[in-house]
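Model the full structure from these sequences, guided by the hints.
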Amino acid sequence: MKARLLALVLLTLAPRSAFADDAAAAQVLFEEGRALAQAGKCEEAIPKFAASHRLDPAPGPLLNLADCLEKTGRTASAWARFVEAAGLLKGLGQPEREAWARKRAAALFPKLARLTLVAKDPPPGLTLVRDGVTLETAALGVALPVDPGAHVIEARAPGKKPVRVELRVEPEQSTTFTVPALVDDDSPKPVAAEPPRPQRTVGIVTTATGVVALGVGATFGLIARSRFSELESRCPGRVCDSPTDLARVDDVKSAARLSDWFFAGGAVLLTTGVVIWLTAPSSATAPNVGLTVVPGGGALVGQF
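Here the sequence shown stands for residues 468 to 771, where the numbers follow my numbering.
Check each hint, because a few of them may be wrong.
In the DSSO-like style, the derived pairs of lysine-lysine whose C-alpha atoms are separated by at most 30 Å in a straight line are [said to hold, decoys possible]:
| hint | residue 1 | residue 2 |
| --- | --- | --- |
| 1 | K557 | K578 |
| 2 | K557 | K587 |
| 3 | K538 | K587 |
| 4 | K587 | K508 |
| 5 | K628 | K720 |
| 6 | K570 | K538 |
| 7 | K557 | K570 |
| 8 | K538 | K508 |
Using C-beta positions, here's what the derived DEER-type ranges look like [claimed, not checked]:
| hint | residue 1 | residue 2 | range |
| --- | --- | --- | --- |
| 9 | P748 | P589 | 17 to 27 Å |
| 10 | T604 | D652 | 13 to 23 Å |
| 11 | T668 | A605 | 45 to 55 Å |
| 12 | E603 | D652 | 15 to 25 Å |
| 13 | K628 | A573 | 14 to 24 Å |
| 14 | E639 | L607 | 21 to 31 Å |
| 15 | A605 | W567 | 40 to 50 Å |
| 16 | T594 | P748 | 36 to 46 Å |
| 17 | E639 | T604 | 41 to 51 Å |
| 18 | V600 | Q640 | 35 to 45 Å |
| 19 | P629 | V735 | 58 to 68 Å |
| 20 | Q640 | P589 | 23 to 33 Å |
| 21 | G560 | K628 | 29 to 39 Å |
It should be emphasised that the hints constitute simulated quantities derived from the structure, not laboratory data. Cβ coordinates follow ideal geometry from the N, Cα and C atoms, glycine included.
In structure tokens, the structure reads:
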């Protein structure tokens with residue numbers, strides 16, 4: 468009972484402990500960002516405020532982030548953060564701070580730079596990407612707030628060559644950019660891999676097994692012949708009387724039988740494998756296969 472209670476307590480405390488760690492880290496990052504901002508180092512403070520807000524979403528880091536973004540000329544990003552902070556403050560029941568955030572956002576709105584993307588006769592499946600962020604097709608023709616400065620526009624569509632264009636938007640100016648017409652992609656298409664041909668694979672494996680069996684049969688045949696020659700010298704007139712020689716006679720017979728069996732089985736497998744391979748559906752590139760006889764058996768060689 469105590470063990471179960473302890474486990475329950477640990478499970479309950481674990482998420483709270485992780486949350487507390489995030490909140491503590493967020494507070495430290497927020498304080499570092501504030502110190503940098505007060506020292507006039509907004510560029511260095513921005514990542515601190517952003518990281519603090521990611522760890523523990525709160526109005527303080529968000530408002531300070533928006534203020535630094537405005538001071539560094541990123542007006543669209545600042546405006547979006549002020550609007551986000553106002554919504555967060557409304558949910559927290561802080562009307563005075565909410566009104567201040569909305570006032571800051573309203574003051575920025577007329578000064579925003581805007582970029583309108585236009586695509587004449589867009590191809591099916593057109594995808595537009597601005598600064599690494601995919602835009603919905605509904606955004607075409609809409610003047611969207613952007614930070615002043617350089618932007619990268621990419622356009623892609625199935626069967627078309629992608630287009631990548633860099634452009635610049637001036638502060639407090641509205642810019643319209645017409646996406647270039649995408650041309651057909653005539654680059655060589657990847658050649659589809661030849662589908663597997665299981666019948667030829669079976670034929671090759673069967674033939675190879677037959678060759679191995681013939682080699683084993685030849686080996687046992689050589690053993691039988693060698694032992695038979697030895698017995699002929701030990702048993703005049705091919706009559707053996709001693710138990711040792713009689714045992715050797717049995718060994719010769721066993722080796723000879725094994726040789727016959729392996730030769731017979733190998734011949735059947737070899738013939739079957741060749742027939743299977745020859746009757747398989749042909750392909751554009753036919754394997755080159757041959758059988759080479761070597762001492763003590765045979766070898767299957769080929770180029771596939």
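Against the structure, the hints:
{"no.": "1", "hint": "K557 <-> K578", "result": "holds, 25 Å"}
{"no.": "2", "hint": "K557 <-> K587", "result": "violated, 42 Å"}
{"no.": "3", "hint": "K538 <-> K587", "result": "violated, 37 Å"}
{"no.": "4", "hint": "K587 <-> K508", "result": "violated, 44 Å"}
{"no.": "5", "hint": "K628 <-> K720", "result": "violated, 76 Å"}
{"no.": "6", "hint": "K570 <-> K538", "result": "holds, 16 Å"}
{"no.": "7", "hint": "K557 <-> K570", "result": "holds, 14 Å"}
{"no.": "8", "hint": "K538 <-> K508", "result": "holds, 10 Å"}
{"no.": "9", "hint": "P748 <-> P589: 17 to 27 Å", "result": "violated, 45 Å"}
{"no.": "10", "hint": "T604 <-> D652: 13 to 23 Å", "result": "holds, 20 Å"}
{"no.": "11", "hint": "T668 <-> A605: 45 to 55 Å", "result": "holds, 53 Å"}
{"no.": "12", "hint": "E603 <-> D652: 15 to 25 Å", "result": "holds, 24 Å"}
{"no.": "13", "hint": "K628 <-> A573: 14 to 24 Å", "result": "violated, 44 Å"}
{"no.": "14", "hint": "E639 <-> L607: 21 to 31 Å", "result": "holds, 23 Å"}
{"no.": "15", "hint": "A605 <-> W567: 40 to 50 Å", "result": "violated, 32 Å"}
{"no.": "16", "hint": "T594 <-> P748: 36 to 46 Å", "result": "holds, 41 Å"}
{"no.": "17", "hint": "E639 <-> T604: 41 to 51 Å", "result": "violated, 28 Å"}
{"no.": "18", "hint": "V600 <-> Q640: 35 to 45 Å", "result": "violated, 21 Å"}
{"no.": "19", "hint": "P629 <-> V735: 58 to 68 Å", "result": "holds, 60 Å"}
{"no.": "20", "hint": "Q640 <-> P589: 23 to 33 Å", "result": "holds, 25 Å"}
{"no.": "21", "hint": "G560 <-> K628: 29 to 39 Å", "result": "violated, 54 Å"}
Consistency with the previously given hints fails for numbers 2, 3, 4, 5, 9, 13, 15, 17, 18, 21, ordered from lowest to highest.
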